[in-house]
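Chains X and P, in that order, are what the protein sequence lines are. Heads up: the first sequence begins at 1 in the numbering used here, then just goes up one per residue. Heads up: the second sequence begins at 1 in the numbering used here, then just goes up one per residue.
Derived from the structure by calculation, the hints contain no laboratory data. Worth double-checking, as some hints may not be accurate.
Only some residues are given here: those of chain X computed to face chain P with a beta carbon under 10 Å [stated by the list, open to error]:
1) ASN31
2) GLN33
3) TYR35
4) GLN37
5) GLY40
6) ARG41
7) HIS45
8) LEU48
9) CYS89
10) ASP92
11) LYS99
12) VAL101
13) PHE102
14) GLY103
15) ARG107
16) ILE110
To list a few chain P residues with every Cβ distance to chain X over 10 Å, as calculated [to be verified]:
17) THR2
18) THR20
19) GLU44
20) ARG64
21) ALA93
Only pairs whose alpha carbons sit at most 27 Å apart, straight line, appear in this in silico DSS-like list of lysine-lysine [said to hold, decoys possible]:
22) X/LYS26 / X/LYS56
23) X/LYS26 / P/LYS14
24) X/LYS70 / X/LYS26
25) X/LYS70 / P/LYS57
26) X/LYS69 / X/LYS26
27) P/LYS71 / P/LYS57
Keep in mind it's a predicted model, so treat the numbers as computed, not measured. Think of the CB as a built atom: it goes at the ideal place given N, C-alpha and C, for glycine as much as any other residue.
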Amino acid sequence: SQQGEEDPQALSIQEGENATMNCSYKTSINNLQWYRQNSGRGLVHLILIRSNEREKHSGRLRVTLDTSKKSSSLLITASRAADTASYFCATDGIQGAQKLVFGQGTRLTINP
Amino acid sequence: DTGVSQDPRHKITKRGQNVTFRCDPISEHNRLYWYRQTLGQGPEFLTYFQNEAQLEKSRLLSDRFSAERPKGSFSTLEIQRTEQGDSAMYLCASSFSDRGEETQYFGPGTRLLVL
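With the rest of the complex left out, here is chain X (with noise of 0.2 Å):
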């Protein structure tokens, strides 16, 4: 069964705008992944951020942790038509459990 849930299920904004999406999850975590993944194909990974950390920026991307809400949310800032994708947000497990549990995915469609 699924972790939990993103929301939005879907967005579509207008390219040059900001892009959020945010992960509920529902057990304690080591660390939280978010991943990308084009139509039909692989998953790309973005950026991890332990448990213990709060916000972490790469490049365009700033992820955020509330360990207290178990949720997460992802900022895409400047957004481009390659940004276009379904996101999604995974969670591992305490206790040395390292299967990924991922969420239900956020629909991103970037608008020229």
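Since chain X is already given, all that's left is putting chain P on it; use the hints.
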């Protein structure tokens, strides 16, 4: 670094046939994972190996499914007596375990269609 590769990329088979997929991980990675993804959903964990040892299997992995990683390098996933419900994308990922921060790198997937 050539990344994770999977073969074949697409497979169409008839119900009841057996299929086998191969995954070649990034060469220095000691962990290898299999996931399954159906349309509109996130990937779901199937099983994982540390070196050649299969350490965890999901309840999704029925007795028709078997996975091996004989020499701790490439892995195979076999589905026997395929059913239409097995139609999905099968994703392989590999990682190097290192003090609790572990990034899994995914291959392009094998898309299976069971007719």
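Consistency of the hints with the structure:
| no. | hint | verdict |
| --- | --- | --- |
| 1 | ASN31 | holds (6 Å) |
| 2 | GLN33 | holds (7 Å) |
| 3 | TYR35 | holds (8 Å) |
| 4 | GLN37 | holds (9 Å) |
| 5 | GLY40 | holds (7 Å) |
| 6 | ARG41 | holds (6 Å) |
| 7 | HIS45 | holds (6 Å) |
| 8 | LEU48 | holds (6 Å) |
| 9 | CYS89 | holds (9 Å) |
| 10 | ASP92 | holds (7 Å) |
| 11 | LYS99 | holds (4 Å) |
| 12 | VAL101 | holds (7 Å) |
| 13 | PHE102 | holds (3 Å) |
| 14 | GLY103 | holds (5 Å) |
| 15 | ARG107 | holds (9 Å) |
| 16 | ILE110 | violated (20 Å) |
| 17 | THR2 | holds (14 Å) |
| 18 | THR20 | holds (19 Å) |
| 19 | GLU44 | violated (7 Å) |
| 20 | ARG64 | holds (21 Å) |
| 21 | ALA93 | violated (8 Å) |
| 22 | X/LYS26 / X/LYS56 | holds (21 Å) |
| 23 | X/LYS26 / P/LYS14 | violated (39 Å) |
| 24 | X/LYS70 / X/LYS26 | holds (7 Å) |
| 25 | X/LYS70 / P/LYS57 | holds (26 Å) |
| 26 | X/LYS69 / X/LYS26 | holds (10 Å) |
| 27 | P/LYS71 / P/LYS57 | holds (19 Å) |
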